[in-house]
Structures are given as C-alpha cells and as structure tokens.
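Here's the letter readout for the chains.
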Amino acid sequence: MKISNDYIKQRLSEKFAGTQIDFTETYGMLSFVAPKDMNLKVLNFLFDDEELKFRFLTDICAVHYPDQKGKELAVVYHLHNLEDNVRIRFKIFTDINQPDVYTATGLFSAANWMERETYDFYGVNFIGHPNLKRILNVDEMDYFPLRKEYPLEDQSRVDKDDEMFGRGGTIGFGTEKTDHGTLVEMDKNNEGDEII
Amino acid sequence: MSEQHIKLPEGSIEKTTTTLNLGPTHPATHGVFQNILELDGERIVSAEQTIGYIHRAFEKIAERRPLYQITPLTDRLNYCSSPINNMGWHLTCEKLLGVKTPKRVDYLRVIIMELARIADHLICNSIVGVDSGAYTGFLYVMQYRELIYEIWEEVCGSRLTTNIGRIGGFERNFNDIAFQKLEKFLKEYPKVLEEFENLFTRNRIFMERLIGAGPISAERALNYGFTGPNLRAAGVDYDVRVHSPYSSYEDFKFDIPVGTTGDCYDRFLVRNQEMWQSLSIIEQAYQKVQEFKGAEAEVYHADVPEYYLPPKQDVYTKMEALIWHFKIIMGEIEMPPGEVYSSVEGANGEVGYYLISDGGRTPYRLHFRRPGFIYYQAFEELTKGAMLSDAIIVMSSLNLIAGEVDA
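Protein sequences, first through last, are from chains S and A. According to the working numbering, the first sequence is numbered sequentially starting from 1. According to the working numbering, the second sequence is numbered sequentially starting from 1.
In case anyone wonders, no lab produced these hints; they're calculated from the structure. The structure presented is a predicted model; accordingly, all values stated were derived computationally and were not measured.
Under the rule of at most 30 Å between Cα atoms (straight-line distance), these lysine-lysine pairs were calculated in the BS3-like manner:
#	chain 1	residue 1	chain 2	residue 2
1	A	K95	A	K293
2	A	K15	S	K133
3	A	K60	S	K71
4	A	K95	S	K91
5	S	K91	A	K60
6	S	K71	S	K91
All chains should be built: construct the whole structure from the sequences, respecting the hints.
What follows is the structure in structure tokens.
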C-alpha cells in the first residue's frame, strides 16, 4: 500500500496533536518542521509505526539562516520508507547561541558520523552523542566553517592579490546577502576605478 | 632458565593490547584515511577511524558557484566513477528547474553511467584481488578500463574527472568514433570479465580469505545507512534505479543481484554480477539509441536556454542567443527558489544531492549524501574480533574511495 503525503500529514497531526507542525510539500516530498525538543519523539514514532515505517535514515545535515533570529540553525533529517518507497524531510530549528539537539544515534547507527559532520561544520551540539569530535576538519579549529559569516577563503593570507582575475574584493559571484555584486553594481556613485 | 621480572612503578597499568596505526599513507588503504587499531595479538579489539585528509570544502565552495560550475566539484567525489556523480548533479538541477530531457539524451546518459559503474566495480574487485595477493587480475582488466576512459574522452575530453554532460543533455553529440569504441568494448569485454571471474571466483585461497570476513546482517546494514552493493550483499534488494527510476531506467530490463551473508565474498560476487547486468543495460541502450533516425538522431540536449550555452553560430548572428550566452557566462541567471533532494544509484550506493536555492545565482546550501562516508562508520563493527589481514580485505571490499568519504 503506498502511503500518501496526506496520510502521513494526518497521522503526524493526530499523534502530536498539541504541538505546532508546519507542513510543506516541495517537488513531491513532504517536509515538516517540529519543535526541536520533540525530535526524538517524532523520529521514534516514524520508526515504530507499523504503517509509516520510516526506518532508513538517508541523511542529516544542517543549514544556517542568519536572518531568522532565535532559529538560525536548522537540522534536517531525510528519512526513507524502503518498502513503500516514500521519502520525508524533517526539520528542526535551534538557536545559534544554544544549539543543543538530542542525538539520533540511539535509533540509527548511521547518525553517528552524520551528526559529527554537522557539529564540525555548524557547531550543533548533539546531546548524548558517544563521540562528538570534529571529523573532517582539524581538531584545533575553533570556529564552525560552514556558517554564513565565515568567508570561503582564509583572510589572513597576504600573498594572494584577489583583485586580479575577478575574484574577491569588489568583483565576485554569490547572492547579494553573502557576497558583493559585480564591479558596476558596487560603483553606485559612478566614481570609476581608483588608479594606484 | 630463570625468569626476569620487571618492577613497574606503583599504580601503572600494563597494556595487554597493541595500538597499530594503519596510517593515512599505506599501500593497502585506497586513498587517505587512517585506522587506529587496537590489537590483541592479531585479533582486532577496536578500530577508530580518522578521515578528513582530503577534505576540500566542496559544500562551502558550492555556495559561491553557479550551477554549471559545481559539476567539476561533483567529479571529484567518487573519482573512479565520476560520470555518475555528474549525471546525478544534472538530474538534481533539472528537477529544481523542471526540465524534461528527450529520450535519446536519457539513453546516452544511461550508457555513460553504466560504463562508469563497470569502471568502478572493476577497480574494486581487482583491488580486492591485489590485497589478497593476486596482482594479475588487476593489470589484465585495467586494459579494458582504458577503453572506457577512451569512450569518455571522445565525448567530453577528459578521462578521470569528466565534467561530462550539461544541464539538459550533453555538450556535443556522440561522434562515430565514440560509437565504434563502444562497440569494441561491448564485443571484447565479456570474454575478459569471464576470465577475471574464472581467476578468482572458485579459487580456493581467495575463497578462504574472503568468506566470513566482515559479515553484516541486513538489519544492521539498514541501520547503518548502507546502500548499493554493500547492502545488496547483505540481502536487501534496494536499488535507486528500480525504486525511483531516473533517466528512463524503467525502459530497461535488468536484474538486481543480491547476496546472503554480507561478507566480503558476497560483495565481490554482487559486484561481478552487477557488471554483467551493466553490460546488458549498455547493449539495450545502444540498440535503442541506434533506433533513432533522421532528425531525432541529432538530438543531444533539451531546450534550456537559461542554462545550456547556445551554439556559437547563433551567438554571432541572433540577439537572444547573444544575450543568453552573456548571461550564462557572467553568471547572472537566477535560480527558482526551492528545496530539492535527488539521488542516483552510484557505484557505491545512493549518491544524494540536497540543494536549497533562495532565488539567487548560486545555491544557498548544497549537501552531498556520500555513501562512502556513511558506511565507513560500520568498519569497527565489521572487523571486531577479526584478524588484521581481514581488516585490509574488508576495507578494500567496502570500496572506500577517499574523495567520497571526505568531500
């Protein structure tokens, strides 16, 4: 029996009737947001229920939204029901000053390294994780590199001239929030180039 | 002979296990990752992995690059079968943008992806042979792997990190030489694969080394997030090509080989069988491609003016083509906002791409779901209580590729 997104929505709303769950559907996949303290309850419900059977953890990652104050870090779980071939995305938001999230390693052994990677890149502290150390970066690193405030390149280098070859400085790619526009856009007062 | 006793200081603990550093630079590890093994004699008590030696910050770089510039990053994930990663990325972009590719493009993509699967499984299986002491198989099949590289070279120009295909199709039509090389491969390779199988499959020493090494049960494998041949060797027939068909895989007839115990021997056999199935898929796809005649045989990309560069003669003569060319190269195309997760069946398992776009020119967040990263966690459980030589065999039969583990 193929369970539909509406059925999953209905079961979740019934089971967690008191809490606010926001549902959206993007490109065919149901995606919902729940309060972060309920993450284990939701994951256990999706795992144990005999009709929902979301017993395969596809991925855990995090996203940083610096503009949403109080809910900057999102932890995203992708789950998969292999028998009925249904995927679902479960997001929780947490404050960046206190990014504590309960670990899913008790339920899925796959969550072990996925949560370490999320901690390494974003600083999400998984409570109860057996070995929460950095996994891909050096242990001595004291910042969380994938957060939006950290630039892509190491700013302490003095030997690279980024003005050449259209990189960095006043010319660059990126969205308006994370990077500058093209040279023409930056030059709003029509001053032209500075001749050195 | 009388015994000599060493007086240790008060309170010191005598170690009963040896720590062995199966370090990042080691001829038996395929890529740079480290295992710190605690050995009791020759039996492994515990294994701790250190990875990140080839971490190249792809996810951060991708936040600064327009979509077509991210394809070279995906090449370098699983570099033994880079076309599969490229095609997976193009499929993700096409899902986000709502592009539908013509059938001929789909069939050509299937040919390229299955060739990549054969290339990856060839490396994995022949290296399992090398690690158990048989070098000949590896060198013999490498000659036919060269043929695969030459086919990719005809299409895209590169052999290893191919950057093959574009959003909507391919950068150029497959020329006659590419098809001739494909025919040569299809004619000569089956005999080679049979010889390779004869060399290893019923070889007494090989079987004794591999049977029982690193077994895993189906529930543990599913709990660990295994996908691909490692999961199928444990008995679960999950294959993304069949479960969520992409690129017209539903038009092909093929079987999914499944093992029982999930040990190294089953993984070896599953990969061999998958190579036979891939050969059959390539033959079917080639036949279907040859059925297109006339104008349909010249189709090699979908009509996506915002992401596919127009032909140069149009750029020099028509206004719209000139504008699109400029906008694409200068990176001024804005993506529709949305979140999409799309996956393909890579040679090691499900390669997933989670792309979040906020309507800008570059992704807001791109995350790669890398199968190698996920199943390397299980290494300790697979080798607990096994001998040191089994650890080497388990590592190579899992097909760990450092580029995929670290990204």
